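Relying on the hints, combine the two individually framed chains into one complex.
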Amino acid sequence: MTVFVCVGSSCHLKGSYEVIELLTKRVKEEHLENQIELKGTFCLGKCGVAGVSIKVDDEIITGVTPKNFDDVFNNHILTKIKG
Amino acid sequence: MDTRFDTSVQELKYKVLKEIAKGLFNDTLLEEYNEIPQRISPGPKSTMRCCIYKERAIVLERMKLALGGNKDINNVIEVIPIACDECPLGGYEVTNRCRGCIAHRCEKACHRDAIRFDEVKRTAFIDKDKCVNCGMCAKACQYNAIQNYLRPCEQACKVKAISMHEDHSAQINDEKCVQCGACVYQCPFGAIMDKSYIKEAINILKDSDNSNKYPVYAIVAPSIAVQFKGVTLGQVVTGIEKLGFKSVVEAALGADMVSYKEAQELEEKGFLTSSCCPTFVTFIKKYYPELADKISTNLSPMATIAKWIKEHSEKCKIMFIGPCISKKQEIKDEKVSKYVDVTLTFEELQAMIDAKEIDLKSLEESPLDNASYYGRIFARSGGLTDAVKEALKEQGSSFEAKPIVVDGLENCRLALIKAKGGNVDFNFIEGMGCIGGCIGGPCCLTHEVRDKMEVDKYGRESKEKTIQDSIKHFQD
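Heads up: the protein sequence lines correspond to chains L and G, in order.
Numbering (my numbering) for the first sequence: 1 to 83.
Numbering (my numbering) for the second sequence: 1 to 476.
Hints are computed from structural coordinates only; laboratory data are not their basis.
Don't take each hint at face value.
[To be verified] Okay, derived cross-link-like pairs now, DSS-like style, lysine-lysine, Cα gap no bigger than 30 Å in a straight line:
#1 Lys158(G) x Lys285(G)
#2 Lys158(G) x Lys46(L)
#3 Lys457(G) x Lys46(L)
#4 Lys315(G) x Lys389(G)
Quantities reported herein were computed from a predicted structural model and do not represent experimental measurements.
Pulled out of the complex, with its shape left as it was, chain G reads as follows (with noise of 0.2 Å):
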């Protein structure tokens, strides 16, 4: 397996968007088109589904989101329904730590008359027809023998978006979807996807010819210190550069310029919350929507530092890259599409490095220092918490700041329950969709523990140690 990825369902997806991004830089795509399945599933032998025919199929459908998608369907998040294993439901089942007892307290709590016993090993077992699914025997079993059994996808969506259709295949309900990719990361088979704008992307850079026509800039997220291993963050800024951009600009001046306004305006409502993570922002919308009055009125970093350099130059476009899928759906929005022009991912560049045939490890380094340390640790959950501390404080303002940090859907539902209910001992919501914040990204392309260490050691390498020195000049 390539090591620069986590899993090789993310191999699988980076050689699919490679080949086409291939295609794309060399005008060769219609050519190719029909190769390219096999290209990757040479055979003779199938290595990953029943059959060789049934391999290439898939990845076939992997090429259409490649290329976008289905127009029709809003969300950037696709089912590729015969990728999809079709996983077992389960449900609660009866595990082997059963030991046969004789209080039965499984069977006095289910309501339904689902649970059964084996006559001769005296095991519990559960009546599939009957059972709804309810848990009161899991509860009840003081041998924490009853297992409920999700699928993959439907345990990694804790928005409960994800349900089975009625062929078996996994279904995404895009009204409760928030894109927070887990989904994507987490399922085995690598049946849901996210759609990829690189055809955009590369027709942008080959129009301006390679950034002669117009400028074209690339905003990186700062989880970028972490992502490529075995070289330099300059040589991968040189690489950007390589594939036509003018400039490399980091979303952590954006962060920093967000983390002033975010104070001032915490100061001012008394209460908020952080509006940096589109997931969170999405999650608060559609589920608490009585706390929307609290987001943080701030375009996101990614959307402040845009705006600026739209406005600083003429007839550039914009493109985004980082670790996170929301971020495709963001510049969706009305008020961020005007900035932004195209958001890839990480896995995304990796592929299109790769495709131009690009070797960083072989490249110069290039400098790439705009933004503080404050805004370079957005990348992991609390930096922001710890950038708007530090810019109240800068600001010379006396209004305490008593923040909860919360990353991951879960702990951010807790925190948002609890402001719902109102009378609590914070004023201001961190909320992340990842779990660990960006650096969790579902398109990072390695998960790793020490990655939060390591862009706290970017953070510091940072030429501007304070807010303000970082933003003096870019202020309005």
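Looking at chain L on its own, in the form it has when it is part of the complex (with noise of 0.2 Å):
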């Protein structure tokens, strides 16, 4: 599984690095490192939205912050692991 995160300018600024901190400590606790591909990408077009954008494999969720990021993680990334 691929997951990118959005690095663009606006993600940014709303903390996109904070996400792939989390997200990196996450995938290592999961012991998942051979399962995901955690990678960049320039803007998916979803600037206007609060929170930083990110893509899993091809679906892209928005409004991923620190706060929210253990549910996103658990809904959209673990489950599609395991299911």
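Put into structure tokens, the structure is as follows:
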């Protein structure tokens, strides 16, 4: 699975680097290094929405923040891998 | 005159580019092609040349260059022979500062017997048939009364690549040219022009269906911060996106990446010359080849960030927008051509924005924040050096960088001659072909003294304060 995190200007200012750090940490904790590839991307076209945009395979998830990160990870990434 | 530009020559070039861009965007270029000269020089009286027909003929030549120019010439800079006013060559001439002295040192200094004297006024003059322009007389005169009158293009060219063709028009020796673009900016008749690739740019944008079929990225040089007066940078970013780009990315992020690698390479090699400015790199390769192995092996900031984007975004196209003509040559190099598809200048960007009738003033602002303070100040002379010092510090290196910062080819030459001789008190040469660095680039819309401060201000607005913060997620 490839997870793209937007590092474009808008998401950068809204904290995409924090999201990347949380993501890297969770991937390590869950020992998913071999299953999840983390990539950066410039702009997923959702700049107007609050929070950071990420793309899990083909699904774009907007509004990711350090606060809701664990929910996003559990619901959109973990379930997909385990399901 | 349009106050957005420094000179009327720039404005004229812009008008041509705008008409071409308009035709390309609207698919009407073929029908309108022959009308464009008339639109730009409506007449009936000529305003720039001897007659309206010559004026229009020159516009036609400018249009050819706006569409890529002569494909058989590899150089991205070309002379428009009919636009060249064939300025009097002049050479050394005695001015009215000559006091008609008794010593006649000028006469004695001349080995060609070319100095004559007016029998009535007793002042000197030069016999042009005998003079070989050696300049000895000028050095000898204690009143500085003898001056060398060079054509502006020749004066601008610090590598002596410009000479006079048999027909008296200027000609460029492509072997000697390093694409600094000084002649393009300096020629008072606009007779030397950089080739434009707006056709390729607009075709890519149109084929992409405004980045819907594939993403098109604009990488902007940090000097963009000081180009568009009267509007905010955020509005310019929105304007660029409205041209059909998916996203605007700062070349300064590439600069952040480069500064780290450059610092490491400096420590390894012990002596390094910078590789950010393609004119400086070409200058070394052509004129000081014995120092070529000292050139940093890093790609330029533009190519570095473009490489990263290409590796992370399939099928994307990338255009660089900057103040630089040399970057048009740089992307012809096979090491760079796979990463950057088209180079545009700020002049061309302005033309494209206006061709699409995008009113920057009325636009919302879009953010532009990818890089750190240090990446952004690459736009001015000295910025790269500050960044490399910071990079050494951040990497905990004890290596002491002893930089010399040189801008303008004459200063670059001095530093390189010293380096060639060895035994120097510096171990890093930051060289920029343009005076002041990129903010002095030939295709900057304006060249103002305060630009340097504005660049630093733009740098301080960056979210990331250290290079490490800025690039930690981009290292391979």
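Outcome of the hint check:
no.: 1; hint: Lys158(G) x Lys285(G); in the structure: holds, 15 Å
no.: 2; hint: Lys158(G) x Lys46(L); in the structure: violated, 49 Å
no.: 3; hint: Lys457(G) x Lys46(L); in the structure: holds, 29 Å
no.: 4; hint: Lys315(G) x Lys389(G); in the structure: violated, 37 Å
Checked against the numbered hints listed earlier, the structure breaks hints 2, 4; every other hint is satisfied.
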